[in-house]
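*Asks:* Sequence:
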Amino acid sequence: MYNKDIILCSGCSCALDLCISVLANPGQNILVPRPGFPLYRTLAEGLGIRTKFYDLKPEHGWEVDLEQLEAQIDDQTAAIVLNNPSNPCGSVFNREHLSAILQVAACNFVSIIADEIYDYFVFPGHEFHPLASLTNEVPILTCGGLTKRYLIPGWRMGGIVVHDRNEALAPEVRKGLQSLSQRIIGSSTILQGALNRILTQTPTEFFQSTIAQVYDNAQLAHQLLSGLTGMRPIMPSGAMYMMVGVDMANFPEFENDLQFVERMVTEESVFCLPGRCFDYPNYFRIVLTVPELQLREACHRISQFCMAHYVAPINLGKEEAMSDSHIHHELHNGIATVIEP
Numbered sequence: 001m002y003n004k005d006i007i008l009c010s011g012c013s014c015a016l017d018l019c020i021s022v023l024a025n026p027g028q029n030i031l032v033p034r035p036g037f038p039l040y041r042t043l044a045e046g047l048g049i050r051t052k053f054y055d056l057k058p059e060h061g062w063e064v065d066l067e068q069l070e071a072q073i074d075d076q077t078a079a080i081v082l083n084n085p086s087n088p089c090g091s092v093f094n095r096e097h098l099s100a101i102l103q104v105a106a107c108n109f110v111s112i113i114a115d116e117i118y119d120y121f122v123f124p125g126h127e128f129h130p131l132a133s134l135t136n137e138v139p140i141l142t143c144g145g146l147t148k149r150y151l152i153p154g155w156r157m158g159g160i161v162v163h164d165r166n167e168a169l170a171p172e173v174r175k176g177l178q179s180l181s182q183r184i185i186g187s188s189t190i191l192q193g194a195l196n197r198i199l200t201q202t203p204t205e206f207f208q209s210t211i212a213q214v215y216d217n218a219q220l221a222h223q224l225l226s227g228l229t230g231m232r233p234i235m236p237s238g239a240m241y242m243m244v245g246v247d248m249a250n251f252p253e254f255e256n257d258l259q260f261v262e263r264m265v266t267e268e269s270v271f272c273l274p275g276r277c278f279d280y281p282n283y284f285r286i287v288l289t290v291p292e293l294q295l296r297e298a299c300h301r302i303s304q305f306c307m308a309h310y311v312a313p314i315n316l317g318k319e320e321a322m323s324d325s326h327i328h329h330e331l332h333n334g335i336a337t338v339i340e341p
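Each residue of the sequence shown is one higher than the one before, starting from 1 at the first, in full-length UniProt numbering.
In short, the hints are calculated from the structure, not lab data. The reader is advised that the hints may include incorrect statements.
Stated by the list, open to error - The list that follows gives simulated cross-link-like pairs (lysine to aspartate or glutamate, EDC-like), each with its CA atoms no further than 20 angstroms apart:
1) LYS52 <-> GLU205
2) LYS57 <-> GLU70
3) LYS4 <-> ASP216
4) LYS52 <-> ASP65
5) LYS52 <-> GLU70
6) LYS57 <-> ASP279
Said to hold, decoys possible - Here are the in silico distance ranges between beta carbons for each label pair:
7) HIS126 <-> PRO38: 24 to 34 angstroms
8) ASN108 <-> GLY46: 32 to 42 angstroms
9) GLU59 <-> ILE185: 25 to 35 angstroms
10) ASN25 <-> GLN103: 51 to 61 angstroms
Here a beta-carbon is modelled for each residue, glycine too, at the ideal position from N, C-alpha and C.
Construct the complete structure from the given sequences, taking the supplied hints into account.
*Replies:* Here's what the structure looks like:
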């Protein structure tokens, strides 16, 4: 790796903007995950670049639907955007799955924009594998920054690392990235001066403590929300978020997940982003970085909201219906219980 392979940017969002701008021309398309961070679509469509979705499978830990991914590729596909670890899912792909994704890209001669802003932000039992470390064949533009792992949003320090060992990318790509990076004044020169110390002298204990707190919160939220009828939380493997599925048929007064979360913030003052923000309806996303007591209180309020609006399915058998009508869920002191009068 050489100096020419590293481009500092004003945050990871700026890095993503540059990569999409350089790799794709108006009328071409990029493939983005669903559910996924909405910025990809915003950046692309503002440049006249189409976005096509490939799906993540919640029943398999939000892994990529590989067959569908490959089916979405056509002669106008300029790049695949891969976000690992994931916002909003909190998924962390294992080596085998990443290798399978790389195989799809290699067979179709498509570059990958790797959004790794949550690099190494993984929970016990899981491991982060930088995508570029697993291939010598597929050109990869890795985007990252300090915001998430170092907990410094607003400092706007990000960058791009170009991995192109076989010189598969046109020379214009590096030139374009360098040129576009000068459109605006880059990241703070003060931060650039401190970057070496930030990267080399931040104590390991800082990262361990942060991950431990978020992991504990993830376990707590998953435990509490799993006890609620109509809720389907999916335990994350990393990052800062959890996706929670909503059985909307059991909440018939709401037409969609947006109405669900709007009413929840009105009645219980609990704010979550609806799944439609990530092009994935009937889910909502919770953030796991709050203090434990606040998270317990939020889950308690979500429980109250669900009990107030839940309607049991009308097609239950007689025995099931009687059982369901005599059972309600209660969250007491942060513990999900099932109470039978």
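*Asks:* So which hints don't hold here, by number, going up?
*Replies:* 1, 3, 8, 9, 10
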